[in-house]
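Let the hints inform the model, and build the full structure from the sequences given.
Protein chains: 4
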Amino acid sequence: MDYQQLLSDAMGAARHAAGTGRVADYIPALAAADPDAFGMALATAEGEVFGVGAWEQPFSIQSISKLFTLTHVLAQGGDDIWKGVGREPSGNTFNSLVQLETERGIPRNPFINAGAIVVTDRLQSLTGDAAGAVRAFLRAESENPLIDTDRAVAASEAEHGHRNAALAHFIASHGNLENSVEVVLEQYYAHCAIEASCRDLALAGRFLARYGLRANGSRLLSRSEAKRVNAVLLTCGTYDAAGEFAYRVGLPGKSGVGGGILAIVPGRAAVCAWSPGLDKAGNSVSAVAALDAFSTASGLSVF
Amino acid sequence: MDYQQLLSDAMGAARHAAGTGRVADYIPALAAADPDAFGMALATAEGEVFGVGAWEQPFSIQSISKLFTLTHVLAQGGDDIWKGVGREPSGNTFNSLVQLETERGIPRNPFINAGAIVVTDRLQSLTGDAAGAVRAFLRAESENPLIDTDRAVAASEAEHGHRNAALAHFIASHGNLENSVEVVLEQYYAHCAIEASCRDLALAGRFLARYGLRANGSRLLSRSEAKRVNAVLLTCGTYDAAGEFAYRVGLPGKSGVGGGILAIVPGRAAVCAWSPGLDKAGNSVSAVAALDAFSTASGLSVF
Amino acid sequence: MDYQQLLSDAMGAARHAAGTGRVADYIPALAAADPDAFGMALATAEGEVFGVGAWEQPFSIQSISKLFTLTHVLAQGGDDIWKGVGREPSGNTFNSLVQLETERGIPRNPFINAGAIVVTDRLQSLTGDAAGAVRAFLRAESENPLIDTDRAVAASEAEHGHRNAALAHFIASHGNLENSVEVVLEQYYAHCAIEASCRDLALAGRFLARYGLRANGSRLLSRSEAKRVNAVLLTCGTYDAAGEFAYRVGLPGKSGVGGGILAIVPGRAAVCAWSPGLDKAGNSVSAVAALDAFSTASGLSVF
Amino acid sequence: MDYQQLLSDAMGAARHAAGTGRVADYIPALAAADPDAFGMALATAEGEVFGVGAWEQPFSIQSISKLFTLTHVLAQGGDDIWKGVGREPSGNTFNSLVQLETERGIPRNPFINAGAIVVTDRLQSLTGDAAGAVRAFLRAESENPLIDTDRAVAASEAEHGHRNAALAHFIASHGNLENSVEVVLEQYYAHCAIEASCRDLALAGRFLARYGLRANGSRLLSRSEAKRVNAVLLTCGTYDAAGEFAYRVGLPGKSGVGGGILAIVPGRAAVCAWSPGLDKAGNSVSAVAALDAFSTASGLSVF
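Quick mapping for you: the protein sequence lines, in order, are chains A, B, C and D. Residue numbers for the first sequence follow this note's numbering, beginning at 1 and rising by one. Residue numbers for the second sequence follow this note's numbering, beginning at 1 and rising by one. Residue numbers for the third sequence follow this note's numbering, beginning at 1 and rising by one. Residue numbers for the fourth sequence follow this note's numbering, beginning at 1 and rising by one.
No lab work stands behind these hints, which were simulated from the structure alone. Just so it is clear, the structure is predicted and the values come from calculations on it, not from any experiment. One thing to keep in mind: the hints can contain errors.
Copies of one chain are not kept apart here, so a pair can be met inside one copy or by any two copies together.
As the list claims (entries may be wrong) - In silico EDC-like pairs for lysine to aspartate or glutamate, Cα to Cα no more than 20 Å straight-line: (1) Lys83 to Asp279; (2) Lys280 to Glu103; (3) Lys280 to Glu244; (4) Lys83 to Glu244; (5) Lys83 to Glu178; (6) Lys280 to Asp25; (7) Lys280 to Asp34; (8) Lys280 to Asp36.
Structure, rendered in structure tokens:
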């Protein structure tokens with residue numbers, strides 16, 4: 001399969017969506033991004049890497065980090081995490097408190113903010129440094145030691161983070177946090193504010209295309225676990241537009257408000273597209289368009 | 001009207017409800033209360049005071065303080081408070097986040113926790129010491145200089161206060177707090193943890209029976225404002241059992257999870273009943289029974 | 001008290017609100033009304049009647065009929081009705097299905113549509129002709145034998161009544177209807193489509209100002225029951241603006257989308273104002289303004 | 001791949017789940033089923049058929065019919081259906097009214113009851129006989145002319161169908177039905193009450209494994225449409241347990257309260273398992289267990 005050509009064509013499709021998205025503006029650091037910047041990279045299961053556009057430019061990975069916190073909790077702690085967080089689509093906006101209230105502090109899935117706070121809490125208990133664990137993994141898989149948290153972004157998120165603080169306190173009121181709200185939020189902001197490129201993320205997500213095997217051949221997740229993480233990505237990975245993403249793209253994927261989306265082609269490749277302009281659901285307009293074009297042209301949708 | 005006899009009869013009715021309520025147990029300090037302790041006091045518009053049972057025993061006034069924070073904001077700041085808080089019954093449990101989410105951070109009324117947090121914030125802006133203002137007013141009206149915040153209770157509430165912290169952060173995320181979450185919650189806990197007796201509270205509530213006139217003859221609220229506060233008390237003062245309280249008792253009233261209820265007979269008297277055993281809605285079983293018996297026997301319901 | 005003068009002044013106040021309301025337009029028959037038509041009548045407990053404006057012009061009483069269905073069920077069947085309907089303010093729009101779903105088919109109170117459907121069902125069981133019972137009562141109290149259902153309006157409501165049909169079927173699915181959905185809705189539309197004037201309604205509501213005594217001196221409700229109906233009116237009678245109505249007017253009242261509001265001054269009088277222009281909550285803008293002016297000027301608020 | 005062995009092993013796994021499910025009992029006809037009856041069939045893309053247990057025994061297909069109504073609307077009418085129904089997971093129980101109320105009569109997806117009512121309405125508009133179209137398709141694909149609606153079941157569903165009637169009226173109140181509520185519900189019950197066997201359904205679902213090609217080689221859906229239907233099945237096909245089904249089984253599937261589940265292995269096969277005992281979400285306990293075992297042993301999950 002000519003991946004380089006597929007990426008080029010996908011970038012062409014993304015160009016048609018340019019100008020329609022809106023950059024996340026709840027913190028100044030994200031608001032400054034160029035809405036129409038675009039990059040896309042693909043890493044095959046065998047280790048080849050392809051890229052187009054600004055595929056090596058670092059951006060704020062934001063919620064894409066939640067994929068890595070979840071897999072690390074699963075890798076270290078087994079299935080206990082599912083007692084504190086569900087794995088059903090939320091059917092509500094990604095930071096909804098309503099669901100928490102009606103479901104007694106158990107977030108619907110690990111990829112909405114509330115669920116990611118619980119996952120961060122558990123990873124903190126397991127490692128003592130949740131954000132550090134994510135950074136170390138990203139550096140190792142991408143062989144890029146420069147990957148780091150943007151401290152200014154993390155601080156800015158914390159400053160504007162009343163809503164996440166509300167979620168965390170609410171979860172704590174139901175006894176579903178092991179660490180203090182302050183510690184959990186600090187770690188949460190630290191892993192969300194990591195900067196990485198499409199190239200870095202495609203390489204870091206490759207283990208899910210390899211059924212759990214890391215770049216060095218060691219096993220992070222069992223085959224069954226890796227498949228199940230892909231299932232949760234498909235049903236819950238793109239906020240409350242997961243149905244639409246499955247319909248259009250047909251691949252497991254995780255998006256972030258920094259404009260990145262990391263998608264998995266099981267058995268084949270991990271592919272990451274990035275463009276800061278977002279749609280109403282918080283997903284990158286151009287990245288979705290590029291992945292849509294890619295899966296249509298390649299026939300690599302899982303369906 | 002023989003108020004002393006009415007109170008004695010009301011206490012008799014309350015005795016029949018003994019044993020059915022459950023003491024608030026979310027903090028140790030409240031959980032230690034005797035569920036069947038009972039006291040009741042009435043202060044007439046003219047200044048007479050009557051009492052039965054443990055009517056001079058101090059207890060934690062809790063949400064009854066919200067009546068005084070509201071009236072002081074109205075007394076000092078006018079009607080601006082109604083931009084940040086509504087005056088409709090909530091139709092939900094008293095600490096619900098759902099309503100806040102669907103109504104963009106404007107609490108339904110000043111007596112649910114969320115609304116009281118907003119009112120405390122505004123009183124803090126107006127006075128620099130919200131809890132101090134409430135204490136000073138209670139002391140002055142009751143001529144009891146010993147009224148004070150129980151610091152142990154306030155600290156314990158803060159320690160177990162994740163739910164209120166969630167509410168405050170959520171309100172702040174909608175830009176509806178002027179002070180920091182930390183300051184507002186500190187003041188909130190400080191006025192909720194005030195200890196006062198039925199006697200003290202009946203005297204302190206007397207201005208609402210006197211259409212706004214304080215004990216010393218000065219005016220706290222205009223006649224119209226006083227009537228309107230009574231209206232909000234009737235429709236919103238007893239959590240999500242306001243309809244039931246209006247149906248059974250027929251008087252404006254404010255309850256607290258310490259077991260106290262302060263009710264107003266417009267033009268006539270303020271009456272406070274107290275017993276720590278609570279019903280599911282958070283209102284004192286015996287205090288409601290006593291006020292029910294009182295209003296039925298006296299015919300003093302507003303309807 | 002110079003009631004005639006008070007009514008004249010109230011009409012003056014209402015004139016200032018003219019032009020701001022919007023006529024109910026979900027059925028053609030109501031949409032044709034003049035938004036600024038206005039009438040107001042007051043019937044004292046002793047039997048005097050006063051009126052201003054179009055106080056003798058019949059209009060569609062709509063939800064005001066719900067006050068009469070409730071009192072007739074209470075008069076005939078005692079308190080059993082409260083097993084099938086609550087008496088708490090709803091905190092939601094008047095035709096909400098959400099509440100029914102979360103509270104297992106028990107409507108919050110007898111004055112929201114869902115609750116009124118349950119009350120109509122019970123009155124149908126008790127009388128075999130729910131709407132006929134309401135008509136007979138209105139005719140007797142007002143000594144106006146011409147009061148009748150407007151069949152065209154009832155038919156039009158039925159035709160556009162998918163939402164009420166949804167409510168009724170939903171209640172039936174919870175086993176909370178004794179009669180068939182078809183029969184209940186037919187009766188419901190028949191009593192809502194009764195035409196009566198301010199004069200008629202003030203006379204018909206007089207028994208609530210007389211603590212349960214009808215015009216002929218017979219007792220419809222016990223003193224206690226009458227007071228309790230007033231309490232439910234105050235907390236639930238004006239859709240989800242009950243708090244606002246209590247705050248501004250301070251009287252128990254029931255509104256209808258035909259533009260009428262019937263309010264009770266316990267011990268004194270029943271007063272009905274009418275003007276078809278509605279606010280967002282479905283209450284007549286000018287009728288609320290007139291009642292506000294009346295209660296302020298007279299000092300007759302219950303608070 | 002030895003499909004016969006895989007089915008035998010899956011039946012063995014299902015046997016372990018026996019005794020834990022509860023038969024749907026909202027109508028007598030379904031309540032009489034043996035909770036532990038079991039059958040399973042697989043039809044390959046090439047046309048081979050395998051079966052174990054009671055794989056040729058007809059059962060009530062119930063909501064599985066919704067897969068066929070949707071595909072026929074798409075086959076005939078194109079994408080217009082997506083204006084009247086969404087394609088996001090619902091995050092609520094399958095017959096929820098709440099979502100309809102907050103989203104103005106547009107059901108979340110075509111597989112919850114509300115959405116299926118809209119789809120039935122559109123298919124009725126397109127064909128004049130929605131249920132007949134489904135029956136004809138099932139008969140043709142399975143070469144079983146005996147497939148038919150069980151009229152007693154359909155009548156019983158209609159009799160106990162207040163909740164679906166509420167949904168339909170509510171949707172109609174938002175202008176989202178083209179036909180009358182009565183006609184739509186009649187068709188809805190008629191296609192839900194079709195009886196077919198695992199064998200029949202596996203053959204009828206085979207076109208989704210063949211990317212849109214029917215048994216006779218004609219095209220029902222384009223390749224892209226077929227993939228997209230599979231995506232909607234995966235995210236929405238098993239009520240509010242779609243996340244769990246994706247996690248455990250990893251295949252697009254549609255369940256019914258008759259106990260059947262039809263799952264698709266894209267490019268390979270359609271497989272149907274049946275056992276009447278249901279879990280809380282309304283999915284067959286043993287059928288899920290069998291499909292879980294099948295996808296795990298075969299490695300045929302899409303992830």
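Each hint, compared with the structure:
Only between protomers do Lys83 and Asp279 lie at most 20 Å apart by alpha-carbon distance; the minimum there is 19 Å, versus 32 Å within a single protomer. For the homomeric pair Lys280 and Glu103, the shortest alpha-carbon distance between copies (16 Å) is at most 20 Å, but the shortest distance inside one copy (25 Å) is not. Within a single copy, Lys280 and Glu244 get their C-alpha atoms as close as 13 Å, which meets the 20 Å cut-off; across copies the closest is 27 Å, which misses it. When the C-alpha separation of Lys83 and Glu244 is checked against a cutoff of 20 Å, the pair qualifies only between copies, where the shortest distance is 14 Å, while the shortest distance within a copy is 28 Å.
Within a single copy, Lys83 and Glu178 get their C-alpha atoms as close as 13 Å, which meets the 20 Å cut-off; across copies the closest is 38 Å, which misses it. With identical chains, the CA atoms of Lys280 and Asp25 are at most 20 Å apart within one copy only, with a shortest distance of 13 Å there and 33 Å across copies. For a Cα distance limit of 20 Å, the shortest separation of Lys280 from Asp34 inside one copy, 17 Å, qualifies, whereas the shortest one across copies, 42 Å, does not. Proximity of Lys280 to Asp36 under the C-alpha cut-off of 20 Å is restricted to the intra-copy arrangement: shortest distance 16 Å within a copy versus 42 Å between copies.
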